[in-house]
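> On the provided structure of chain G, position chain P as indicated by the hints.
Protein sequences appear in the order of chains G and P.
Residue 25 is where the first sequence starts when you use my numbering, and the numbers rise one by one after that.
Residue 25 is where the second sequence starts when you use my numbering, and the numbers rise one by one after that.
These are computed hints drawn from the structure, not numbers from a lab.
All figures in this text were calculated on a predicted structure; none of them were measured in a lab.
Glycine included, each C-beta is placed from N, C-alpha and C at the ideal position.
Just so you know, not all the hints are guaranteed correct.
Unchecked claim - Some chain G residues flagged as far from chain P (calculated, every beta-carbon gap over 12 Å):
1) Asp44
2) Thr55
3) Leu67
4) Val72
5) Ile83
6) Pro91
7) Glu92
8) Asn108
9) Thr155
10) Phe174
11) Gln184
12) Ile193
Unchecked claim - Residues on chain P that point at chain G, a partial pick, calculated with CB under 7 Å:
13) Leu103
14) Ala116
15) Phe121
16) Ala125
17) Leu138
18) Ile159
19) Ala161
20) Asp162
Number of protein chains: 2
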Amino acid sequence: MNPADRATTKLDLSFTRVVDVPRPSVWRAWTEPELLMPWFCPLPWKTVDCEIDLRPGGIFRTTMMSPEGTEYPNVGCYLEVLPNAKLVWTNALLPGFRPNAVAQTSGSNDVNFLFTAKVELADHPQGTRYTATVIHADEAGCQKHADMGFEGGWSTALDQLVAMVKKGI
Amino acid sequence: MNPADRATTKLDLSFTRVVDVPRPSVWRAWTEPELLMPWFCPLPWKTVDCEIDLRPGGIFRTTMMSPEGTEYPNVGCYLEVLPNAKLVWTNALLPGFRPNAVAQTSGSNDVNFLFTAKVELADHPQGTRYTATVIHADEAGCQKHADMGFEGGWSTALDQLVAMVKKGI
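Only chain G is shown next, with the shape it has when bound in the complex (with noise of 0.2 Å):
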């Protein structure tokens, strides 16, 4: 491993999964809101709203509401839109791609930070190789986000998102 790998890996969160549900229910998972809602929140959080305009620079905005009833708004814009292959969106990014004001570096103490996250799908013969990367501004956001339980929280959305799609969708 070379330094700038090493230094790319305090930014950067990834994990790859196999699932055995096909390639196009998990894109279609991700990119239609009534389909996204039902999983993208591990339990008892839940996503209450979701609005996408699945092009580059098109919105992607969600709100989470914890078990408590707080909810929490989230937006953000595509940067890429690959069908059944690859999706990538920022919360840098306003929709037409305009600078997000609100969002704020990991140096400041907002529970807020900058990032840009990455789903990737490709072919296995069990079904869809699923890669989720999260790329940050700063060691400390990267750090936050790993600290809040990106792996562990992203891991059981997709258990539920695969709950979901063999049910019927």
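Positioned in the frame of chain G, the structure of chain P alone reads:
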């Protein structure tokens, strides 16, 4: 004009001109480092370095030099690349779409501000219809950019571009 339009007006700067050079030449002047450096800064400022990776997520980096010899590096990434028609980039993201921790909103006292810039080219009987638009995170950043002489600077640079193209590229 509805309230949403008025709000946007305070966040965006834009101008349109018709220039009597062909669209493909303007595109090349914006996308080939050797053709960008001669015109990109209004003289006596100079552009002394330029790196271009012309794809969404690819680097757009320039180094400007003041008449006194101080260098000012700028780095961002492309968001949309439609040859001869539309070029969009931002300094809110680094290459690979990584959020930029260095860039600050204008809420700080830093001279930097976040922006996304768009150059659009269209056919016109006299040559090319050229529209440059810069959108900002907040009104303060937009005002700072206006105070720096956005339209005068970009328009002078465009004059330099046209003069270069007419000499032959």
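> Measuring Cβ to Cβ, find out whether G:Glu92 lies farther than 12 Å from everything in chain P.
30 Å, holds
> Would you assess whether G:Thr55, listed as outside the interface, keeps its beta-carbon beyond 12 Å of every beta-carbon in chain P?
With a cut-off of 12 Å, G:Thr55 remains clear of chain P, as the shortest Cβ separation is near 18 Å.
> Taking the closest pair, is the beta carbon of G:Gln184 still more than 12 Å from chain P?
27 Å, holds
> Any CB of chain G closer than 7 Å to the CB of P:Asp162?
4 Å, holds
> Would you say G:Ile83 is clear of chain P, with no C-beta pair closer than or equal to 12 Å?
Non-interface label stands for G:Ile83: nearest chain P Cβ at 14 Å, farther than 12 Å.
> Closest CB-CB distance from G:Thr155 to chain P, is it above 12 Å?
G:Thr155 clear of chain P: closest Cβ-Cβ about 15 Å, beyond 12 Å.
> Minimum Cβ separation between G:Phe174 and chain P greater than 12 Å?
G:Phe174 clear of chain P: closest Cβ-Cβ about 16 Å, beyond 12 Å.
> Have a go at the P:Ala116 hint: is there a Cβ in chain G nearer than 7 Å to its own Cβ?
Holds, because the Cβ-Cβ distance from P:Ala116 to chain G comes to roughly 4 Å (cut-off 7 Å).
> Should the hint that P:Ala161 touches chain G count as held when the rule is a Cβ pair under 7 Å?
4 Å, holds
> Was the hint right that P:Ala125 lines chain G, CB cutoff 7 Å?
4 Å, holds
> Does the claim that G:Asn108 lies off the interface hold, with its Cβ farther than 12 Å from every Cβ of chain P?
Consistent with the label, G:Asn108 stays out of reach of chain P, its closest Cβ about 19 Å off (over 12 Å).
> Mind checking the CB of P:Leu103 against every CB in chain G and telling me if the closest is under 7 Å?
Since chain G brings a Cβ to about 5 Å from P:Leu103, closer than 7 Å, the hint holds.
Hint compliance for this structure: no hint is broken.
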